[in-house]
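**Q** Protein chains in written order, with our numbering: chain A, 18 to 282; chain B, 885 to 1336.
Rather than coming from a laboratory, the hints here were simulated on the basis of the structure. A quick note: this is a predicted structure, and the numbers were derived from the prediction, not measured. Note that the Cβ used here is the ideal one computed from N, Cα and C, for glycine as well. Hints are supplied without guarantee of correctness; some may be wrong.
Residues of chain B clear of chain A, computed beta-carbon distances all greater than 10 Å [stated by the list, open to error]:
hint	residue
1	Ala-948
2	Phe-951
3	Val-956
4	Leu-1020
5	Thr-1046
6	Ile-1065
7	Tyr-1082
8	Glu-1088
9	Leu-1121
10	Val-1156
11	Leu-1168
12	Leu-1295
Derived, one-sided and incomplete: chain A residues facing chain B with beta-carbon distance under 8 Å [as the list claims (entries may be wrong)]:
hint	residue
13	Ala-101
14	Asn-121
15	Leu-122
16	Gln-126
17	Leu-130
18	Gly-131
19	Glu-133
20	Leu-135
21	Leu-139
22	Leu-140
23	Asp-143
24	Glu-146
25	Arg-165
Now the in silico label distances, taken between C-beta atoms and shown as ranges [to be verified]:
hint	chain 1	residue 1	chain 2	residue 2	range
26	B	Leu-1031	A	Glu-92	51 to 57 Å
27	A	Arg-132	B	Ser-1133	18 to 24 Å
28	B	Gly-1068	A	Phe-42	45 to 51 Å
29	A	Ser-144	B	Ile-1308	48 to 54 Å
30	B	Leu-1064	A	Ala-154	52 to 58 Å
31	A	Arg-132	B	Glu-1304	51 to 57 Å
32	A	Arg-132	B	Val-1107	41 to 47 Å
33	A	Arg-132	B	Gly-1311	41 to 47 Å
34	B	Arg-1052	A	Ala-154	40 to 46 Å
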Amino acid sequence: MTAAVAEPRATEEPLLKVRGLDKHFGPVQALYHVDLDLPSGQVTALCGDNGAGKSVLTKCIAGIYPADHGEVFWEGRQVHVRSARDASRLGIETVYQDLALADNLDIVQNMFLGRERLRLGLLDEDSMERAAGETLASLRVTTVRSVRQPVASLSGGQRQSVAVAKAVMWNSKLVIMDEPTAALGVVQTRQVLDLIKRLRDRGLAVMVISHNLTDVFEVADRIAVLYLGRLVVQDKASAFDLQTVVQYMTTGGTSGTNGARTKES
Amino acid sequence: MAHAPRKADLPGVTPEQATDLTAAPEAAAAGLPPGVVAQTLGEYVRAYVARIGAGESGVLPVIAAMFAIMLVFTVISPNHVFLSPGNLVNLFQQAAVFMVLAMAEGFALVLGEIDLSVGFVGAVGAAITVQLVQPLTTNWHWVPAVLAGLLACTVFGLIQGTIITRLRVPSFIVTLAGFLIANGIFLKILLLGPFSGYPNLAGESDSLHIIYNLMWGTIDPVVSWIAAAVVVGGLGLVIWLSDSRRRKSGLVAPPASLSLIKIGLIAVVAIVVVGISNTNRANLGTLEGVPWMIPIVLAVLGAWTVLLQRTKYGRYVYAIGGNPEAARRAGINVALVRTVGFGLCSFTAGIAILLYASLLGGMSNNLQGGQYVLYAVAAAVIGGTSLFGGRGKPLHGVLGGLVIAAIYNGLYLQGISSVEWQYIVTGLVLLAAVVIDAVSRRGAASGSVTRA
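Next up, chain A with everything else stripped away, as it sits in the complex:
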């Protein structure tokens, strides 16, 4: 993780660059020629109405779906992400909306699931517990009573924190979060937004998919809007206000500057 800390905003080349991405499912064109930049040290919010293609784009980046056309550049080099394994090898981790935690396992077991440390062929619980505790502490997730608590006993915000900690433990450079605050109350939402800011401050690239524009404006450095499979706009968050984002999300443009900031079409 130390590698990504230096000079978060200084890099010219974005960490991840998507160019001309197409994806269709049978006759349905889910993504048209999407161009997207995800720079290090910044939170990029991906907005769009239901069915705009947010999840498909996420899954294409995370290696769950193969794209039909288009190029993906990682740290300036072209890469082909064919599986979730490929994605994690590059340093891309996704926190899905359902979090993918096993309720019956405790926090340590969940954080190391599939990547357990062994000693003499048996699970090295001590070392895993220590590492999980350190990662949680480094993210200042202090609300959990014990790392040996089963996930079933955690609140929604704590679960989200565990899922994020699980994602950043593996020297990840890009964390994609699908609706991280959708199911949370006010205080839990605050915890998660703070966590997202901490990831950014560590120099990670963060992509947040959200319907909640209040949260988006609070946490995002950049905003990208998808409309019916097209990426209609992406820019610094300060270039938008709530009204214009809603307009892009619902009509694909603004009445005044119709398509002016759109890089495609």
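With the hints as your guide, set chain B onto chain A.
**A** Leaving out everything else, chain B in the frame of chain A:
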């Protein structure tokens, strides 16, 4: 927009304070004292039930139930014969089959599946072994004969597992088919050789003696004590060293007193079991010593406990039982882990029914393979294994098996040897265990929702 003032309200709030903020309005909203009392009591009970569900103190209720059952039968049995050393050793022997079969079923249950075929798949393996060691026919040495039987079981289980995982057929149906197929194969194997369908273990051959002695052989009392001391000492040392190491390095660990209680309990159990077994239980002459089947059951218990609690494979079994989708996304080969689970289930069932063959001194078509499946599920669930997957330990099978055997044995001593009553009582106990399982699971689930 509604959130805008919130930001101003909570500048620099630390997460700890933030949690307190949620807690405060909830407590205030609870309002009236009775409500508060009920809620905290409910919370307490729920936490306890959740802990039971998580297997933390899951063995306490079943141990309490076992003592209750033993107390009742001791009081009502003629001359209080239930607690006599002879009957208790008898009870251990009857329980051994249930225990090992429940540990077999445990693999399927923890994976969130069920295996209805264990009784007859195990019977196929045991029948193969009993047939192969017959001096009049194949006259195999007992080692390859046992291995052949267990291998047949494992292959049967792997085939079932492959069909379940690759073709995505519910395990209930596949193992029901397997149950019928194995029943047929079992009867076919019994008919082989000149034994009119009843190959037995009586006869003059070392291999026959050894299979017979799995259940009936005894270990010399002195050796029993020494072995028990070595096992308790070794286990106690491992528990103490690992707990104290974790305490020193600041990891989550039980307090020293709890470690000592754990070790003490293991020692007490060992002393009681060896003490009972080493009492002369013969009406005439001498019959004493720990039956072979006790170390056999303990070996299975130890091996499967290490496999499930201390290896990657075991961790994946629990993960799949808890959330298969999470396991898949973590890169776990879910189909392979489940298939191997069914293989291990059938392998262990082979050991169980081999013990049954030894108990009966042979194999016959009297084996109630279907009934044994229900006993196995009942024993596992009574012991604390969840029917809903993800929770359960081999130890649960052992304790549940002891409870089932105690009921079986106690009713028999009362002269209620008719299967009708055994069915009814076992059915009621199974029903109670399943209801507790379902209620505790729902309680844990709603508890986490209210806390979210």
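**Q** Would you pick out the hints that fail for this structure and give their numbers low to high?
**A** none
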